[in-house]
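90 is the number of the first residue of the sequence shown in my numbering; add one for each residue after it.
Think of the hints as simulated: they come from the structure by calculation, not from any bench. Warning: the hint list may mix true and false statements.
In the DMTMM-like style, the derived pairs of lysine to aspartate or glutamate whose C-alpha atoms are separated by at most 20 Å in a straight line are [said to hold, decoys possible]: (1) K244 to E146; (2) K195 to E146; (3) K111 to E134; (4) K245 to E211.
As the structure is a prediction and not an experimental result, all values here were calculated from the model.
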Amino acid sequence: MPSTTNALLRQWENVCHWPLGKRLFSFMIGVYIPYTGSISAKVVELKSGYARVQLRERRKVRNHLNSIHAIALANLAEFTGNLAVVAGMPDDARFIVKNFFIEYLKKARGTLTGECTCEAIESNAKRDVEVKITIKNTDGEIVATAVMQTLIGPKK
């Protein structure tokens, strides 16, 4: 039985140990949020206030320079940050991204890993939360960093 009361984490805990469970979870997020699903990223790890997501290099995310497109990187960063936020907030809260800044540090090639750790959000009280995301390549080099300002508030 899942140990958490957060709906997203309950779903994750139900499927993450199944064969292909992480892929199924990632696919279902893509169905629910089609733009996010357009890059076919895979959720690798998820816990309260933490997310790690991988993006494989393939033709649909490449640019004309044969590296991963800047907006695919931004999509990966936003997806990773949003997962960390949602996994760390109560079910009676909602969020929206207010600002998003990304810095591209080098060409992104190969499998990339987005990682985000943020504070757990204890209540649905209206407030801003700053979220930092790092994207690394398979050599562990940082290829991009992002900062999101997210507004948390009660569900209506």
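Notebook entry, point to check: When the hints from earlier in the document are held up against this structure, which numbers fail?
Noted result: Per hint list: single violation, 1.
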